[in-house]
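There are 2 protein chains.
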Amino acid sequence: MPPSPRQMHLGVFVLGTGNHIAGWRYPGAAQSFEDLSVIQEIGRIAERGKFDLIFLGDNLASEPGMHPSFAARFEPLTMLAALAVTTTHVGLGATASTTYAEPYNVARMFASLDHLSGGRAAWNAVTSSGGKAAENFGRIHPEHDARYEVAEEFVDVVRGLWDCWDDGAVVRNHETGQYIDPAKVKPLNHAGKFFKVKGPLPTSRTPQGQPIILQAGSSEPGLNLAARTADVVFAVVQDMAEAQAGYRSLKERMPRFGRQGAEIAVLPGMMPVIGRTEREARDKLNLLQSFVNPANARSMLASRMGMDVSGFPLDELVPKDFPLPDTSHGFAKAMLAKAWREGMTWRDMFNLAGAARGHWVVCGTPVQIADTLQEWFDNHACDGFNVLPPYFPGGFDDFVDQVLPILQERGLFRADYTGRTLREHLGLPRPRSRLFQ
Amino acid sequence: MPPSPRQMHLGVFVLGTGNHIAGWRYPGAAQSFEDLSVIQEIGRIAERGKFDLIFLGDNLASEPGMHPSFAARFEPLTMLAALAVTTTHVGLGATASTTYAEPYNVARMFASLDHLSGGRAAWNAVTSSGGKAAENFGRIHPEHDARYEVAEEFVDVVRGLWDCWDDGAVVRNHETGQYIDPAKVKPLNHAGKFFKVKGPLPTSRTPQGQPIILQAGSSEPGLNLAARTADVVFAVVQDMAEAQAGYRSLKERMPRFGRQGAEIAVLPGMMPVIGRTEREARDKLNLLQSFVNPANARSMLASRMGMDVSGFPLDELVPKDFPLPDTSHGFAKAMLAKAWREGMTWRDMFNLAGAARGHWVVCGTPVQIADTLQEWFDNHACDGFNVLPPYFPGGFDDFVDQVLPILQERGLFRADYTGRTLREHLGLPRPRSRLFQ
Numbered sequence: 001m002p003p004s005p006r007q008m009h010l011g012v013f014v015l016g017t018g019n020h021i022a023g024w025r026y027p028g029a030a031q032s033f034e035d036l037s038v039i040q041e042i043g044r045i046a047e048r049g050k051f052d053l054i055f056l057g058d059n060l061a062s063e064p065g066m067h068p069s070f071a072a073r074f075e076p077l078t079m080l081a082a083l084a085v086t087t088t089h090v091g092l093g094a095t096a097s098t099t100y101a102e103p104y105n106v107a108r109m110f111a112s113l114d115h116l117s118g119g120r121a122a123w124n125a126v127t128s129s130g131g132k133a134a135e136n137f138g139r140i141h142p143e144h145d146a147r148y149e150v151a152e153e154f155v156d157v158v159r160g161l162w163d164c165w166d167d168g169a170v171v172r173n174h175e176t177g178q179y180i181d182p183a184k185v186k187p188l189n190h191a192g193k194f195f196k197v198k199g200p201l202p203t204s205r206t207p208q209g210q211p212i213i214l215q216a217g218s219s220e221p222g223l224n225l226a227a228r229t230a231d232v233v234f235a236v237v238q239d240m241a242e243a244q245a246g247y248r249s250l251k252e253r254m255p256r257f258g259r260q261g262a263e264i265a266v267l268p269g270m271m272p273v274i275g276r277t278e279r280e281a282r283d284k285l286n287l288l289q290s291f292v293n294p295a296n297a298r299s300m301l302a303s304r305m306g307m308d309v310s311g312f313p314l315d316e317l318v319p320k321d322f323p324l325p326d327t328s329h330g331f332a333k334a335m336l337a338k339a340w341r342e343g344m345t346w347r348d349m350f351n352l353a354g355a356a357r358g359h360w361v362v363c364g365t366p367v368q369i370a371d372t373l374q375e376w377f378d379n380h381a382c383d384g385f386n387v388l389p390p391y392f393p394g395g396f397d398d399f400v401d402q403v404l405p406i407l408q409e410r411g412l413f414r415a416d417y418t419g420r421t422l423r424e425h426l427g428l429p430r431p432r433s434r435l436f437q
Numbered sequence: 001m002p003p004s005p006r007q008m009h010l011g012v013f014v015l016g017t018g019n020h021i022a023g024w025r026y027p028g029a030a031q032s033f034e035d036l037s038v039i040q041e042i043g044r045i046a047e048r049g050k051f052d053l054i055f056l057g058d059n060l061a062s063e064p065g066m067h068p069s070f071a072a073r074f075e076p077l078t079m080l081a082a083l084a085v086t087t088t089h090v091g092l093g094a095t096a097s098t099t100y101a102e103p104y105n106v107a108r109m110f111a112s113l114d115h116l117s118g119g120r121a122a123w124n125a126v127t128s129s130g131g132k133a134a135e136n137f138g139r140i141h142p143e144h145d146a147r148y149e150v151a152e153e154f155v156d157v158v159r160g161l162w163d164c165w166d167d168g169a170v171v172r173n174h175e176t177g178q179y180i181d182p183a184k185v186k187p188l189n190h191a192g193k194f195f196k197v198k199g200p201l202p203t204s205r206t207p208q209g210q211p212i213i214l215q216a217g218s219s220e221p222g223l224n225l226a227a228r229t230a231d232v233v234f235a236v237v238q239d240m241a242e243a244q245a246g247y248r249s250l251k252e253r254m255p256r257f258g259r260q261g262a263e264i265a266v267l268p269g270m271m272p273v274i275g276r277t278e279r280e281a282r283d284k285l286n287l288l289q290s291f292v293n294p295a296n297a298r299s300m301l302a303s304r305m306g307m308d309v310s311g312f313p314l315d316e317l318v319p320k321d322f323p324l325p326d327t328s329h330g331f332a333k334a335m336l337a338k339a340w341r342e343g344m345t346w347r348d349m350f351n352l353a354g355a356a357r358g359h360w361v362v363c364g365t366p367v368q369i370a371d372t373l374q375e376w377f378d379n380h381a382c383d384g385f386n387v388l389p390p391y392f393p394g395g396f397d398d399f400v401d402q403v404l405p406i407l408q409e410r411g412l413f414r415a416d417y418t419g420r421t422l423r424e425h426l427g428l429p430r431p432r433s434r435l436f437q
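Here the protein sequences line up with chains Y and L, keeping their order. The first sequence begins at 1 in the UniProt record's numbering and counts up one residue at a time. The second sequence begins at 1 in the UniProt record's numbering and counts up one residue at a time.
Bear in mind the hints are in silico, worked out from the structure with no lab data behind them. Don't take every hint at face value.
One copy or two, either will do: identical chains are not told apart, so a pair holds if it fits within one copy or between any two.
[As the list claims (entries may be wrong)] In silico DSS-like links for lysine-lysine, alpha-carbon gap of 27 Å or less:
| # | residue 1 | residue 2 |
| --- | --- | --- |
| 1 | Lys338 | Lys284 |
| 2 | Lys196 | Lys184 |
| 3 | Lys184 | Lys132 |
| 4 | Lys193 | Lys132 |
| 5 | Lys198 | Lys132 |
| 6 | Lys132 | Lys186 |
| 7 | Lys132 | Lys333 |
| 8 | Lys251 | Lys338 |
Using the sequences and the hints, build the whole thing.
Right under this line is the structure:
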């Protein structure tokens with residue numbers, strides 16, 4: 001019997017009006033990220049496609065001039081709790097900040113979501129790179145490395161709180177009247193540099209033991225945090241060689257933290273634009289691009305770059321020595337690398353930001369797209385993909401109905417779910433509590 | 001035509017294992033507060049009974065030795081978001097702390113819940129009276145009046161954030177590509193003594209305009225905060241005269257804040273124990289009391305009183321000069337008043353804490369209970385009740401099937417919903433944003 005083939009993991013990144021900045025203008029596209037029925041439809045498609053997870057970003061400030069789904073949206077945890085009720089298998093990943101929230105509150109909400117969903121919760125731990133959030137919390141935005149120092153401790157506290165209850169602590173003994181076995185509930189008693197948290201949570205050990213940890217950081221501190229604590233990494237890359245290098249860099253640092261490379265699934269963001277012919281796909285992308293409001297694209301690019309770039313001459317090449325500020329996203333690095341590699345102008349950069357907010361766009365027929373994804377996967381550039389449909393639901397339907405069957409036929413993706421929890425989809429064991437070992 | 005009669009408002013206070021501390025031991029009772037199907041069943045009963053709202057408390061620390069539903073429960077916002085999906089009319093009220101959360105995060109979550117539920121969200125703003133929460137947030141627990149000073153500003157910031165979007169701000173103009181009208185979104189720019197919050201939220205104006213504000217404080221600062229900002233007050237009272245005095249005291253201070261008494265619905269907590277005969281009801285309560293684990297009841301009483309009372313001789317009368325510490329709940333005042341009025345011993349106090357955590361217990365036939373509720377209502381001791389079934393679902397079924405029809409027959413409660421939002425159930429108009437008037 002041949003060895004069981006390595007299979008991809010797939011997530012879908014959800015912005016209700018589409019990942020393309022003007023996706024809502026595409027004929028038939030969903031019009032709002034504040035519409036539960038849109039999210040529920042996406043949940044149904046994700047489960048029809050046997051996806052590992054639904055992935056929600058977040059922003060702690062409204063940016064009405066940028067992407068419609070950044071301006072008006074639901075809070076991610078409440079939205080996923082609602083979605084948990086109308087889905088049964090797909091993982092539910094939400095973003096919560098390690099800079100502008102309390103570890104006790106974050107730990108509770110994800111523990112609650114894990115119970116409500118029967119073991120499908122995932123926390124995307126971010127340090128909130130934009131400085132605008134600070135103004136909503138009466139704070140000075142900490143600089144990059146300081147945010148990661150806090151994040152390291154924050155993640156440990158959250159995971160420690162998830163460990164305060166052992167399995168089987170709720171005994172409900174009708175004879176004696178004992179409801180909880182106190183020997184199976186311990187405080188955490190964390191006292192660190194940034195946080196002092198006693199615990200336990202008022203929530204018992206969750207179906208997954210520990211909800212899944214997602215991360216998207218690409219800086220050195222970001223990669224180290226991921227290597228030590230992440231289960232899934234959402235990568236921003238535009239090029240296979242670059243993806244391979246990033247993949248190796250992350251996996252090679254894992255043994256330093258006592259972990260194996262297989263314990264993290266690296267999923268680059270990828271916007272599929274699908275046509276029956278290459279021409280049709282190209283026309284579709286051009287139509288989407290024609291819908292872009294230039295001011296929105298400029299705001300998006302400015303946010304990704306961490307600085308106002310509206311003064312640069314549109315038809316000049318992006319200079320090779322362009323300095324990145326501390327407030328830039330990981331996106332900026334990948335976009336600049338692409339610009340230098342391909343000789344892009346600032347106009348090209350605006351278009352790239354407008355299309356997929358700096359993510360990789362793959363435009364072609366279903367077979368061409370499947371070939372590209374397989375090439376990246378077979379060449380260890382990734383462990384799967386975070387799919388960013390340009391608009392919903394059609395753009396996601398197209399991927400699930402046209403590209404996915406090819407991947408399944410090639411044995412690259414599951415034909416059906418074999419487990420119920422996200423941890424099971426990812427092939428990760430359910431951990432025992434570290435406080436009770 | 002006679003004037004339209006004044007009608008009661010009804011809430012149901014949910015602890016999944018029952019409001020009685022040993023409710024889970026009652027035959028047929030739900031066994032867990034970490035079971036979505038239990039909550040969904042309660043939601044169905046509440047809507048069958050045309051209740052105004054479901055009311056969830058919270059605790060920011062686990063207290064395994066006290067009430068089972070205080071020890072192991074879901075986080076309230078995620079739980080109500082899940083419940084929003086399987087209910088259509090009943091209001092969804094959750095507790096969130098003004099001491100251990102950020103106003104921006106609280107405002108977002110309730111705005112999100114209001115959208116997800118189509119206008120049924122309510123925020124129970126509490127200052128977190130127990131000091132145990134402080135240990136989970138690395139803080140010194142602020143003393144009572146300082147907590148209320150923070151709460152006053154916190155509530156204003158949250159309501160201000162809800163006002164940052166005007167109705168009609170999301171225009172989605174397919175011709176021009178404009179998604180949001182920037183003239184209809186404003187920052188709050190709050191800079192106060194405790195908080196500095198710019199705004200706006202990344203969530204448009206909600207179905208209710210402003211989610212409903214619930215409060216339960218009974219101290220002078222608590223009553224003032226309620227008189228100024230609350231729509232619904234959850235009162236803790238044991239006696240009609242006491243309820244009348246509290247009711248008057250709250251309503252009479254409202255004009256000071258430019259409001260009318262009718263703008264707040266005062267709902268005392270009330271545990272119904274229902275039998276076909278008075279004897280049967282009494283037996284049911286005795287059976288429930290026989291299930292009480294004395295250690296749990298002592299912990300509950302200690303928490304309510306804000307001090308350890310386990311050393312007091314069980315068969316001695318509660319002394320008239322018993323001093324209440326700053327850390328006591330509003331419960332303590334009502335329980336002590338009852339103890340002095342009725343000559344209760346410390347054993348009686350433990351029983352009272354075990355039964356309904358210090359709330360009023362009404363034991364009798366459906367007609368007796370309906371008579372008592374009507375007496376309180378007609379005599380302006382309240383505007384309705386917050387019903388605390390001793391166990392679920394049976395204890396709630398009994399109220400809805402046996403007591404409610406009597407109230408409906410007497411014209412004291414609605415026969416069906418006439419609106420869709422909680423604000424409509426309460427007879428309150430949808431406010432315009434104060435930032436756009």
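Right, here's what the structure says about each hint:
1. Lys338 with Lys284: Close inside one copy (22 Å), not across copies (74 Å); limit 27 Å.
2. Lys196 with Lys184: Cα proximity of lysine 196 and lysine 184: one copy only (22 Å, versus 42 Å across).
3. Lys184 with Lys132: between (43 Å within a copy, 20 Å between copies)
4. Lys193 with Lys132: both (25 Å within a copy, 21 Å between copies)
5. Lys198 with Lys132: between (31 Å within a copy, 9 Å between copies)
6. Lys132 with Lys186: Between copies, since 15 Å is at most 27 Å while 38 Å is not.
7. Lys132 with Lys333: Classified as within; 21 Å inside a copy, 45 Å across copies.
8. Lys251 with Lys338: within (23 Å within a copy, 66 Å between copies)
Checked against the numbered hints above, the structure violates none of them.
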